[in-house]
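Read top to bottom, the protein sequences are chains A and B.
Letter by letter, the first sequence follows residues 1 to 192 of my numbering.
Letter by letter, the second sequence follows residues 193 to 592 of my numbering.
Don't read these hints as lab results, they were simulated from the structure.
Idealized CB from N, CA, C, for every residue including glycine.
Be careful, since some hints might not be right.
Straight-line Cα separation of at most 25 Å, DSS-like style, residue types lysine-lysine; simulated pairs [stated by the list, open to error]:
# : chain 1 : residue 1 : chain 2 : residue 2
1 : B       : K287      : A       : K34
2 : A       : K34       : B       : K571
3 : A       : K45       : A       : K34
4 : A       : K34       : A       : K92
5 : A       : K45       : A       : K74
6 : A       : K167      : A       : K45
7 : A       : K45       : B       : K287
8 : B       : K287      : B       : K263
Here are the simulated distance ranges between beta carbons [as the list claims (entries may be wrong)]:
#  : chain 1 : residue 1 : chain 2 : residue 2 : range
9  : A       : F171      : B       : K556      : 38 to 46 Å
10 : B       : K287      : A       : F171      : 20 to 28 Å
11 : B       : D307      : A       : V12       : 34 to 42 Å
12 : B       : K556      : A       : K167      : 46 to 54 Å
13 : A       : K167      : B       : P540      : 14 to 22 Å
14 : A       : K167      : B       : G229      : 57 to 65 Å
15 : A       : A89       : B       : K556      : 27 to 35 Å
16 : B       : L207      : A       : D49       : 19 to 27 Å
17 : B       : A490      : A       : A38       : 45 to 53 Å
One-sided and incomplete, this derived list gives chain A residues near chain B with beta-carbon spacing under 8 Å [to be verified]:
#  : residue
18 : R66
19 : A67
20 : E70
21 : Q139
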Amino acid sequence: MPVWAWVIIGIVVVLILWFFLIFNGLVRLRNQVKNAWAQIDVQLKRRHDLIPNLVQTVQGYMQYERATLEAVTKARNIAQQTIGQGPAAQAKAEGELSGALTRLLAVVERYPDLKANQNFLALQEQLTSTENKISFSRQFYNDSVFNYNNKIQMVPSNVVASMTGFKQGEFFKVEEAAEREVPKVSFEQPKP
Amino acid sequence: MWEQIRSNQVRSAILVAAMGILMLAIGFGLGYAFGNGIAGLVIALVVWAIMNLIAYFQGDSILLSMSRAIKIGPDDHPRLYNVVEEMKISSGLPKMPDVYIIDDPALNAFATGRDPNKASVAITSGLLEKLNRDELEGVIGHEVSHIKNRDVLLMTICSVLLGTIVILAWYGSRALIFSGGSRRSSKGGGQGQLIILAVAIILMILAPIMAQLIYFAISRKREYLADASSALYTRYPEGLASALEKLGASTSQLKSANQATAPMYIVNPFRPKGRAATDLTSTHPPLSERIRILRAMAGGASYADYDKAYQQVHKGGAGVMPAAALAAAGAVGLRAAAPEAALKEPEPSRLERTREVGDLLWQKSGYKFIDCECGTRLKVPSNIGRATVKCPHCGRTHPV
């Protein structure tokens, strides 16, 4: 075979290898996005699991706050049912749960005995941390989507992406999720 | 983030290669001075390989046991464990690192482990007592990013190279001085031989210094990157800045650190007292500068924002972040002092934190706690050898 044929074969081989390399990179980023999304659910589930324990601990101290406690339990049950019903419904339910929890913890301020309870303090640390973990897992999800979308749009990986049908990822928007809504906390004195 | 790690890998690889060549040169030069360059090369490689094997398989456990670090679980110190887990999530580490506490009043923290699947984070009890949650998050974010960016592996490779060069130069220069002369005269070599010998001796003297400078340069770059990553993971550069401020105010030195392990810590454990002249020969950039950069990050928490802040502090000039990191950086907002501010727990006071850490250390060294009705907490060692113990305050007896 003449030299130019070898050169062409060489170029084709290099191109194919390069194509595989970029393709694999895209797959890795897409999987990272998927995994990051799954991580958010893990953290949300962790919060659901904490709530029965919290309600039980608090109950003995707060006989007059039945409505607040029931609201938390109800919001938690609804949130648990919405897992798997799409991000929008889930985000709404979780937002309501966050609101109910905030109201509960605001009410706790009136019960100094409860605030000194070791069990409750431990639970509060877990709750705070779980809230952080939820927001950090969303943050990481968005960072992953950002990297993935960048790769899909930028030369030269955009060529491979459009040839093999990679679609852009969707960001998680807090505004849409009604999470930013400041929950209303009433400062009325508890009725005796 | 992938891009960023890769571009750094290229740059670091060049520096590591430079150190490797230096090591081979010294091995060859040493061998040549004794009549066989290849033999010297082989000796250098064997020393290097042995040290590498030790560092690769035992490095982290050596470091942790040398520091007398105590491993803790999620129930031992929930806040610390949770903060590490939060940073694990926000950095996207594949696996939760092991968490250690070092019983030492000095303020420091380090990360170790050759890859993200097998990593550890350690913090001194002194630092844990001093920091609030936001500051702790900043420090842990810094350490986690050392793991995420594979700095630990890189610095291990570098310190092994450095160590090999130092060992070769030390023994080589002694061997040359004490036996080189006689060898030369017996062989009756000409002037060429003499020149080679001179070059070898100069190399023996210069190589360790050069290697050390390269090592410091790599380490300093990594510190800036880890600070920037911490700001990105926490979205709150002020947390790390205020933690660094507390670290800078302390004067106690960590007993268990040594030169080779210094880059792993968040601040240089051997701090010369505020001298700018030592900048070139330090594993860490000056603390005041790191704080100023973090505080100058007004616009956001991305790598680009850190780079801008760096240039601002350095009055123009080149930035410090790799180009690929900047290209991939989008707008990243900062967050308020605490995420989800409404659910913020009351921050434990300094005293409570000290008691928390103290109790944990007692417990981990086998002490048992008995709460007396008078409010005293008795701490009983495991080898007390008695069935009951008396409360020193009120005189009640308790079964052990």
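Right, here's what the structure says about each hint:
Proximity of K287 (chain B) to K34 (chain A) is assessed by CA-CA distance (about 17 Å); at most 25 Å being required, the pair is judged to hold. For the proposed pair K34 (chain A) and K571 (chain B), the alpha carbon gap of about 49 Å is over 25 Å, so the pair is violated. Between K45 (chain A) and K34 (chain A), the direct Cα distance comes to roughly 17 Å. Compliance with the 25 Å bound is thereby established for this hinted pair. For the suggested pair K34 (chain A) and K92 (chain A), the alpha carbons sit about 21 Å apart, so the restraint of at most 25 Å is met.
The hinted pair formed by K45 (chain A) and K74 (chain A) meets the criterion: a straight-line CA distance of about 15 Å does not exceed 25 Å. Note on K167 (chain A) and K45 (chain A): the hinted pairing is violated, with a Cα-Cα distance of about 28 Å set against a maximum of 25 Å. Restraint check for K45 (chain A) and K287 (chain B): satisfied, since their Cα atoms lie roughly 19 Å apart, inside the 25 Å limit. Distance hint between K287 (chain B) and K263 (chain B) is fulfilled; the C-alpha atoms sit about 16 Å from each other, no more than 25 Å.
Our hint of 38 to 46 Å for F171 (chain A) and K556 (chain B) holds, since their Cβ atoms are close to 44 Å apart. Separated by about 26 Å at the C-beta atoms, K287 (chain B) and F171 (chain A) satisfy the suggested range of 20 to 28 Å. Checked against the hint of 34 to 42 Å, the C-beta distance between D307 (chain B) and V12 (chain A) comes to roughly 36 Å, which is consistent with it. Taken as a hint, the range 46 to 54 Å holds for the pair K556 (chain B) and K167 (chain A), whose Cβ atoms sit roughly 51 Å apart.
For the pair K167 (chain A) and P540 (chain B), the beta carbons lie near 47 Å from each other, so the given range of 14 to 22 Å is not met. Look at K167 (chain A) against G229 (chain B): about 59 Å separates their beta carbons, and that is inside 57 to 65 Å. Judged by the Cβ atoms, the range 27 to 35 Å given for A89 (chain A) and K556 (chain B) is violated: they are separated by roughly 46 Å. One distance hint, 19 to 27 Å for the beta-carbon pair L207 (chain B) and D49 (chain A), is violated here, with the actual separation near 48 Å.
For A490 (chain B) and A38 (chain A), the hinted distance range of 45 to 53 Å is not satisfied, since their beta carbons lie about 35 Å from each other. The interface hint given for R66 (chain A) is broken, as the beta carbon of that residue sits about 22 Å from the closest beta carbon of chain B, more than 8 Å. For A67 (chain A), the suggested interface contact is broken, since its CB lies about 19 Å from the closest CB of chain B, more than 8 Å. At a threshold of 8 Å, the smallest CB-CB gap from E70 (chain A) to chain B is about 20 Å, leaving the interface hint violated.
Interface restraint check: Q139 (chain A) against chain B, minimum CB-CB distance 6 Å, threshold 8 Å, status holds.
Consistency note: the structure conflicts with the earlier hints numbered 2, 6, 13, 15, 16, 17, 18, 19 and 20.
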